[in-house]
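Student: Going down the list, the sequences are from chains P and X.
By the numbering used here, the letter at position 247 of the first sequence is numbered 247, and the numbering carries on one by one without gaps.
By the numbering used here, the letter at position 129 of the second sequence is numbered 1129, and the numbering carries on one by one without gaps.
If you're looking for bench data, these hints aren't it; they were derived computationally from the structure.
One or more hints might be untrue.
[As the list claims (entries may be wrong)] Cross-link-like lysine to any residue pairs, in silico, SDA-like; alpha carbons within 20 Å at most: (1) P/LYS50 x X/PRO1044; (2) X/LYS1151 x P/GLU247; (3) X/LYS1245 x P/TRP47; (4) X/LYS1245 x X/LEU1112; (5) P/LYS50 x P/THR215; (6) X/LYS1245 x X/LYS1151; (7) X/LYS1151 x X/HIS1047; (8) X/LYS1151 x P/THR215; (9) P/LYS246 x X/LEU1112.
[Said to hold, decoys possible] Partner residues aside, some chain P positions facing chain X, computed with beta carbon under 8 Å: (10) THR51; (11) GLN134; (12) LEU136; (13) VAL145; (14) PHE152; (15) TRP168; (16) ARG211; (17) ILE253; (18) GLU254.
Ideal Cβ positions, reconstructed from N, Cα and C, are used throughout, including at glycine.
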Amino acid sequence: MNIRALRLAFCSILATGVLASLAHSGTSAGAIRGSSQQTSFSPARLWDGKTPDFRGIWQVRDTAYVNIEGHPAEKGIAASRSIIVDPPDGRIPYKPQALAQRQENYRNRTTSDPSIKCYQAGVPRATYLPTPLQILQSPGNFAIVYQNNHAFRVFHPDTRPHFDSADWWMGDTRYRWEGNTLVADVAALTDQVWLDQAGNFHSNEIHIIERYRMTGADTIEYVARIEDPIVYSKPWTLRTVLYRIKESGARIIEDECLEDANGVRHHISPTDPRNLLKSDYSRWKKPPQK
Amino acid sequence: MKTVRAHYGFAVGVLFVLLSAGITGALTAQVSQVPTRVPLDRLPDGHPNLQGLWLKSSGGFQGLFIGSLDGTNLAAGGARGGRGGRGAVPGGARGPAPTRYEYTPEAEAERLDRLRRGYEDPEARCHLPGVPRALDQPAGLYPVQIIQDEKYVALLHEAMHDVRIIPTDNSRHPRNYWAWDGDSRGRWEGDTLVVDVSNFNGRTWLDMAGNFVDQNEHVVERFTLVDADTILYEATITDPTVFIKPVEMRFTLKRVPADQQILEYSCLEGERSLQHYTEEDGGKKARVK
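In isolation and in its complexed conformation, chain P is listed as follows (with noise of 0.2 Å):
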């Protein structure tokens, strides 16, 4: 190997590190501030001729249902990486005693996670929770309906004051279009949800503001910023990506929240028999059919 190749390797080992740390603070700045980075996919409009058209079944394909600050494989469940792309280190900002109460949470994970109760699942939990969500769309109407518990968001314009009177599971819900991007903001929030199945938790001062954008005709971005005071030190980000379900013939199953013979409701499947009730009419004997 003479001098001159000698040089080329150096300099291609130094580009390369150069390249890859310009990369991944460019992922990262990108990540952060989600939408002002890509504006070159324009969805397709509704029939007015100028609201983007976000209509369709989607999911998410990753695992932070489970914990959203990422979390390593367990018995049972896939490896994660976090959604929080604010802070970096993909960390939740708590304050000192709302981390003990996140720690607290976490111990107690398996039986105190409130959608074990059949909750509705809160924002932004339901979307990146790993069962569907249909976005209902016509011009000046915007709702998602999650498949989860049959929980559904009717969006209202901003136009109004939030209705905030009263700490609602799913949210009061006021949106604007900037552009092509969907922008939500998400007040009156119940503390009684988690983000997660790690303990992950909000207090009712939480604020929000969704950002859907489509990225392509069968993507949308979805970033959250959520603040709370009371647990949070600061604002945090997150992000994930929705994805359109293709399959022809889709569509959102009921998914019913069941209460077994001792009282305790969760989701079980319609035709096993432990969720048959004491009052279930299972007891009526249907004369055969002609």
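Since the structure of chain P is already known, use the hints to place chain X on it.
Tutor: Chain X only, in chain P's frame:
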């Protein structure tokens, strides 16, 4: 021939217009304000625009007053009269004729038994109400938001946050799916949305008064936009193992003023109203013998 028919049709049309104009004129003389027939609002696909926030105005639902549950079972009293808790539903007296249920003998015995154990209504345990109960809620209480496009009519019910996203492609029911709300497939017959609902899990009650169905339930619903602010809702329920005659239900949905919005309804564990449940069902109430 075609031309002749067209002319004939035109002549009849003109005659009809003249006649109705005459009638309208006559009515105008008597009643000062006759609603003018405005063309129905339509989507670009030509179908009536059912969108908006709607509230059942009256009729239908056979209810009990919650307040009376600790004392008398009004539904039991209503068993002979055929209407649970006579006059219990506000506006019910002035509403459409009460729904008639004609049961097979076995099903009638079952209904009477359920009437006696009326606290076991699955909706009281926060379960999905099924069809047509999703729409047949107590009048004036829980609105339904309708969002519609060329492929779907979606009903977002405030009550029980129940959702039905109905395809309007007249597609077939699946063979491997059963649900509290069954499976809904819609089609347009002229200006009426006709929804065929099947694949029920057979666990729902039709009301709080023990009227029930099983897995053989089949419902045909008809949604007709009568005027800008009124949807006529008609449902025919058949269930050969429960009813000897189809059950007919009919009521109207009225548009909710635009300054109001749908709210979130939550029915949760911990809100079990134990005083309203009998002891054998984990409640605190002595069973009505």
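Student: Has the given pair, P/LYS50 with X/PRO1044, been kept, meaning a C-alpha gap of at most 20 Å?
Tutor: holds (15 Å)
Student: Does X/LYS1151 pair with P/THR215 here, judged by a C-alpha cut-off of 20 Å?
Tutor: Status violated; Cα separation ~24 Å.
Student: Should the hint that P/THR51 touches chain X count as held when the rule is a Cβ pair under 8 Å?
Tutor: violated (12 Å)
Student: So if I understand the rule, the pair passes when the alpha-carbon distance is 20 Å or less; does X/LYS1245 with X/LEU1112 pass?
Tutor: With Cα atoms ~18 Å apart, X/LYS1245 and X/LEU1112 stay inside 20 Å; holds.
Student: Please verify that hint: P/GLU254, Cβ, nearest Cβ of chain X, below 8 Å or not.
Tutor: It holds, given that the least Cβ distance between P/GLU254 and chain X is near 4 Å, below 8 Å.
Student: Would you check the hint for P/LYS50 and P/THR215, treating anything up to 20 Å between C-alpha atoms as holding?
Tutor: Roughly 17 Å between the alpha carbons, so the hint for P/LYS50 and P/THR215 holds.
Student: Is the hinted pair X/LYS1245 and X/LYS1151 satisfied, with a Cα-Cα distance of at most 20 Å?
Tutor: violated (33 Å)
Student: Is X/LYS1151 close enough to X/HIS1047, meaning Cα to Cα at most 20 Å?
Tutor: holds (11 Å)
Student: Holds or violated: P/ILE253 as interface residue toward chain X, Cβ cutoff 8 Å?
Tutor: At 7 Å from the nearest chain X Cβ, P/ILE253 passes the 8 Å test, so the hint holds.
Student: Does the CB of P/GLN134 sit less than 8 Å away from some CB of chain X?
Tutor: holds (6 Å)
Student: Is the interface hint for P/ARG211 satisfied, with its Cβ closer than 8 Å to some Cβ of chain X?
Tutor: Interface hint status for P/ARG211: violated (22 Å vs cutoff 8 Å).
Student: Is X/LYS1151 within 20 Å of P/GLU247, Cα to Cα?
Tutor: holds (16 Å)
Hint compliance for this structure: hints 3, 6, 8, 9, 10 and 16 are broken, all remaining hints hold.
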